[in-house]
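For the record, the sequence lines run as chains L and D. Going letter by letter, the first sequence gives residues 1 to 767 in the working numbering. Going letter by letter, the second sequence gives residues 1 to 167 in the working numbering.
Derived from the structure by calculation, the hints contain no laboratory data. The model shown is predicted, which means the values in this text are computed figures rather than measured ones. C-beta: ideal position from N, C-alpha, C; glycine also. Incorrect hints may have been included.
Quick look at which bits of chain L chain D covers, simulated, 3 or more residues with Cβ under 8 angstroms [as the list claims (entries may be wrong)]:
#1 185-192
#2 650-661
#3 742-752
Calculated pairs, EDC-like style, for lysine to aspartate or glutamate (alpha carbon to alpha carbon, straight line, at most 20 angstroms) [unchecked claim]:
#4 D:LYS125 <-> L:GLU270
#5 D:LYS125 <-> L:ASP697
#6 L:LYS28 <-> D:ASP124
#7 L:LYS638 <-> D:ASP124
#8 D:LYS21 <-> L:GLU272
#9 D:LYS72 <-> D:ASP24
#10 D:LYS21 <-> L:GLU117
#11 D:LYS21 <-> L:GLU270
#12 L:LYS634 <-> L:GLU678
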Amino acid sequence: MSFKREILEVGYSVPRFDARAKVTGEEKYAIDHYPENLVWAGVKRGGIAHGLIKGIDASAAEALPGVLAVLTRKDVPGTNRQGIVHKDQPVLAGEKVRHRGDPVTLVLAENREILREALRLIHVDIEPLPAVFNPEEALKLEAPQVHEKGNILLRANVQSGRGGEALDECDVVVEETFEVPFQEHAFIETENGVAWQEPDGKIVMIVSSQAPFRDRFEIGHALGIDSGSIRVISPYLGGGFGGKDGATVQCLLALAAQHAGGRPVKMWWEREESFVAGYKRHGVRMAYKMGAMADGALNALHCRLYYDTGAYAHLGGEVMALGMEHAGGPYRIPNTLIEGWCVYTNNPISGAMRGFGVCQVSFAFERMMDLLAARLGMDPLELRIRNALRRGDKNCAGVVQVHSTGIVQCLETMRRHPLWLERESWKLAASSFKRRGVGIAAVFNAMGYGRGLPDSAIAKVELTQEGKFRVYSGVSDMGQGNASAFFQMAGEILCQDASRMELVQPDTERTHPSGSSSAGRTTYTYGNALIKACEALKEKLLHRAALLLMADEERGMALLPGEVHHLPSGRKVALEVLGRVFPESDRISISQFIMPVTQDKLDTGKEFALGFPHAFFSYAAHLAYVEVDELTGKVDVKDYLAVTEGGRVINPQCFEQQVHGGVAQGIGYALTEQVILERGEIMNPCFTNYILPTALDVPDITSLAVETVEHTGPFGMKGIGEVGFNAPLPAIAGAIEDATGIRLTQAPLSADRVLKFQGESDNAAER
Amino acid sequence: MKITFVLNGQEMQIDAPPDRKVVDLLREDLGLTGTKEGCGAGECGACTILVDGESRLSCLMLAVQLEGRRIKTIEGLSDAENGALHPVQEAFIEYGAVQCGFCTPGMVLSAVHLLEKNPHPTRDKIRQGLGGNLCRCTGYVKIVDAVEAAARKVERDIPKPVKDGAL
Numbered sequence: 001m002s003f004k005r006e007i008l009e010v011g012y013s014v015p016r017f018d019a020r021a022k023v024t025g026e027e028k029y030a031i032d033h034y035p036e037n038l039v040w041a042g043v044k045r046g047g048i049a050h051g052l053i054k055g056i057d058a059s060a061a062e063a064l065p066g067v068l069a070v071l072t073r074k075d076v077p078g079t080n081r082q083g084i085v086h087k088d089q090p091v092l093a094g095e096k097v098r099h100r101g102d103p104v105t106l107v108l109a110e111n112r113e114i115l116r117e118a119l120r121l122i123h124v125d126i127e128p129l130p131a132v133f134n135p136e137e138a139l140k141l142e143a144p145q146v147h148e149k150g151n152i153l154l155r156a157n158v159q160s161g162r163g164g165e166a167l168d169e170c171d172v173v174v175e176e177t178f179e180v181p182f183q184e185h186a187f188i189e190t191e192n193g194v195a196w197q198e199p200d201g202k203i204v205m206i207v208s209s210q211a212p213f214r215d216r217f218e219i220g221h222a223l224g225i226d227s228g229s230i231r232v233i234s235p236y237l238g239g240g241f242g243g244k245d246g247a248t249v250q251c252l253l254a255l256a257a258q259h260a261g262g263r264p265v266k267m268w269w270e271r272e273e274s275f276v277a278g279y280k281r282h283g284v285r286m287a288y289k290m291g292a293m294a295d296g297a298l299n300a301l302h303c304r305l306y307y308d309t310g311a312y313a314h315l316g317g318e319v320m321a322l323g324m325e326h327a328g329g330p331y332r333i334p335n336t337l338i339e340g341w342c343v344y345t346n347n348p349i350s351g352a353m354r355g356f357g358v359c360q361v362s363f364a365f366e367r368m369m370d371l372l373a374a375r376l377g378m379d380p381l382e383l384r385i386r387n388a389l390r391r392g393d394k395n396c397a398g399v400v401q402v403h404s405t406g407i408v409q410c411l412e413t414m415r416r417h418p419l420w421l422e423r424e425s426w427k428l429a430a431s432s433f434k435r436r437g438v439g440i441a442a443v444f445n446a447m448g449y450g451r452g453l454p455d456s457a458i459a460k461v462e463l464t465q466e467g468k469f470r471v472y473s474g475v476s477d478m479g480q481g482n483a484s485a486f487f488q489m490a491g492e493i494l495c496q497d498a499s500r501m502e503l504v505q506p507d508t509e510r511t512h513p514s515g516s517s518s519a520g521r522t523t524y525t526y527g528n529a530l531i532k533a534c535e536a537l538k539e540k541l542l543h544r545a546a547l548l549l550m551a552d553e554e555r556g557m558a559l560l561p562g563e564v565h566h567l568p569s570g571r572k573v574a575l576e577v578l579g580r581v582f583p584e585s586d587r588i589s590i591s592q593f594i595m596p597v598t599q600d601k602l603d604t605g606k607e608f609a610l611g612f613p614h615a616f617f618s619y620a621a622h623l624a625y626v627e628v629d630e631l632t633g634k635v636d637v638k639d640y641l642a643v644t645e646g647g648r649v650i651n652p653q654c655f656e657q658q659v660h661g662g663v664a665q666g667i668g669y670a671l672t673e674q675v676i677l678e679r680g681e682i683m684n685p686c687f688t689n690y691i692l693p694t695a696l697d698v699p700d701i702t703s704l705a706v707e708t709v710e711h712t713g714p715f716g717m718k719g720i721g722e723v724g725f726n727a728p729l730p731a732i733a734g735a736i737e738d739a740t741g742i743r744l745t746q747a748p749l750s751a752d753r754v755l756k757f758q759g760e761s762d763n764a765a766e767r
Numbered sequence: 001m002k003i004t005f006v007l008n009g010q011e012m013q014i015d016a017p018p019d020r021k022v023v024d025l026l027r028e029d030l031g032l033t034g035t036k037e038g039c040g041a042g043e044c045g046a047c048t049i050l051v052d053g054e055s056r057l058s059c060l061m062l063a064v065q066l067e068g069r070r071i072k073t074i075e076g077l078s079d080a081e082n083g084a085l086h087p088v089q090e091a092f093i094e095y096g097a098v099q100c101g102f103c104t105p106g107m108v109l110s111a112v113h114l115l116e117k118n119p120h121p122t123r124d125k126i127r128q129g130l131g132g133n134l135c136r137c138t139g140y141v142k143i144v145d146a147v148e149a150a151a152r153k154v155e156r157d158i159p160k161p162v163k164d165g166a167l
């Protein structure tokens, strides 16, 4: 394609550089590695929500030809404990299982068929214990204890102003309770990897992972091996969304590699296993009270949040902390009391997922805004604009907003848009048996790890001997396109076209620790490090080229496509020449960046060990046109507007990709997606009855960017990968209420729930 | 058993168990890892291949069903002689229809099949045609854009008869 020769510049749409290898099928994901002499590894899971392991009979499996090893807890060296912050999850359960997906034995076999048969032949004798499946039940004194330390992973308060007492002085107070279910990430490439042990003992692993550098420490801690003797390589992921942040197959695979005699071992969770054992979005119950003055000024919020973290911590406490920090929405609320309980149960494990604790509270606070608007007799958009955060305001956690804060601009842009202006006439045009409604939502999402955990990246860039610039990315690309953004940023500074650029995917031996691909921080943090590295390399190359070009002084040197020029003399030297003439140390630059943190001294949230509070937020205002079928209850999203503020836009096409994808997942969360649990068992562990949106369920989405400048950001950008997920649920719920008068407080907003409440309201009308 | 079929334009004979899943045969035995597996149960469309020009799910096919068929995988879609991409592949790149890319090979082949059946689909028809392919990243909008654009391009590239009927 002709545009490939053009100099890369920031701020306009460039097709992604990974797209070609992906449309031809050439790109090698972790799952595409089938080394010679492969061994397959798999796990037998307990299948009981809570119980004591009394015995394991693996004799039949061990006797099966082609079975190489059957491993149990006693074969695990080290602590046998994995986890990102709290190390409470066993690699192989030895005494007790805490959810149905707990792994009990690890089997190595010559092929997948033998592996499946061996797993079937293993019998695990588990004595069931009383179990608990609801966080509020789990808080009771007499509740079964999931962990010896009790069922509370984290209990915390975030308070500002005079707290919940200020509700008493409000002219209007609204109250409601909301509930959201567990959600599945449902990346199309399930959890997998391949690993082997080299003769010197080193373990090499190619794994679908959002955090290759942290993986080394998780594996090392769990298995008692030096993390320096583990090499993790992370190719492009077939989706992640948070579900591959933290060990999935990693510890099991390293253990298997230790027992495979140097042969490569592959572990690949099938779809059902991914459901049963993979991490989920937290289900949450949220009791809200929100009050405003008669003029519409928000005055007080009191809410109680119960996060179900399932059997293990993963990032449960951090997920809840972020939810609490966002519980008041992107608004000025001078008085808040936000109470949170993150509770262990015998449900599947909850962890990180796009919208990380925030999408749950977004449902609650945005519906509360609609309720307040109705009670106040105000336009819901006007109420939001009136209370929206501006720079200099304090958010609901009491943090002063000193950085870019574009929610007002998002809402104003929506107010001028035809979809807002023409909403009433669209609603009136509904056909028979259809009811139409329009809903809106204003949301935000913090960027970065927050205070207490340095959010850093180390970028390396090299001029190769062939005269190309090679970026060493230390942070995975799970599909969001950060690798492509790195190309674009480096090309902009180094003044090169894409044919001059190369990229090395994260590899703990070739690239530098740059944190996880998560938290809306990937492009921001690594991008900032990369800019520094590219500028330093450029300066170094100009200095060296000046020597070659016999320039008397360094003024007038310019790095141009493929060459360095000395402009005053007109002399030039090709990059290939520089690459050959100078040693590696002259052609390499490495720089580090750490995300700034908020400097506010807060007298709240002290229970959070790390990750609170945050300094930077992206903002969005969404609008949904919804049609409800009176006969079936089915809800269709007919049109959708998403206005997003994430600082400056690096690549409009990639920006839209993130918005579209977030909205589509949010539509799934709003209408159909729910991990259905019965006593800890997933009743819908496949795509036949866990319903993801298809091309028929997502409308054309209009994405508009409101461009502010985030002065700390690379080229002024902030991360926007998460914020778009948070709005569809409240916007669609608002639209359903607008269409039918039915206020659904429990997600998903499924057809059966619509019909049930429609039936109730019809009966009431008849009475 | 011996199975003879045409794979990406090349006739081949393989020796495989008749009940070997075609997706495993392609990926693991023949190294054609462009065909992906997302669910193994015919629900996600990632493993889509073309069998005698029709889109089929290779996770639901057994090796014996390949006998005598013409199979096209994503690796065989671009021009064998000059490596030029298929217009659908070109459009997927240009219109930003690729994110993680794991659904992409199946999505592309479904789109190719769709355009062969219906060269001028509306957006709704495109959505129906791709309804069996799950994508978790894109929200489908840019995929529909890309297929629309590919349809326009295919139309432009096909020589049209001039007035007297000659090409």
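Between LYS634 (chain L) and GLU678 (chain L), is the straight-line Cα distance small enough, at 20 angstroms or below? Measuring from Cα to Cα gives roughly 25 angstroms; hence the hint is violated.
Given the hinted pair LYS21 (chain D) and GLU270 (chain L), is their Cα-Cα distance within 20 angstroms? Within the cut-off at roughly 15 angstroms; holds.
Is the Cα-Cα distance between LYS638 (chain L) and ASP124 (chain D) 20 angstroms or less? holds, 12 angstroms
Would the pair LYS125 (chain D) and ASP697 (chain L) pass a check requiring their Cα atoms to be no farther apart than 20 angstroms? holds, 13 angstroms
Hint check: LYS125 (chain D) vs GLU270 (chain L), CA-CA at most 20 angstroms. Holds or violated? violated, 32 angstroms
Holds or violated: are the alpha carbons of LYS21 (chain D) and GLU272 (chain L) at most 20 angstroms from each other? holds, 18 angstroms
Does the alpha-carbon distance linking LYS28 (chain L) and ASP124 (chain D) stay inside the 20 angstroms limit? Not OK: LYS28 (chain L) and ASP124 (chain D) at ~33 angstroms, beyond 20 angstroms, violated.
Residues of the stretch 185-192 of chain L with Cβ under 8 angstroms from chain D, three needed, outcome: holds (count 6)
Hinted pair LYS72 (chain D) and ASP24 (chain D), Cα distance within 20 angstroms: Holds: LYS72 (chain D) and ASP24 (chain D) sit about 15 angstroms apart, inside 20 angstroms.
When you check the alpha-carbon spacing of LYS21 (chain D) and GLU117 (chain L), does it fall within 20 angstroms? holds, 17 angstroms
The stretch 650-661 of chain L covered by chain D? Criterion: 3 or more residues, Cβ-Cβ distance below 8 angstroms. holds (count 6)
Taking 8 angstroms as the C-beta cutoff, is the stated coverage of the stretch 742-752 of chain L by chain D satisfied by three or more residues? violated (count 0)
Hint compliance for this structure: hints 3, 4, 6, 12 are not met, and every other hint is.
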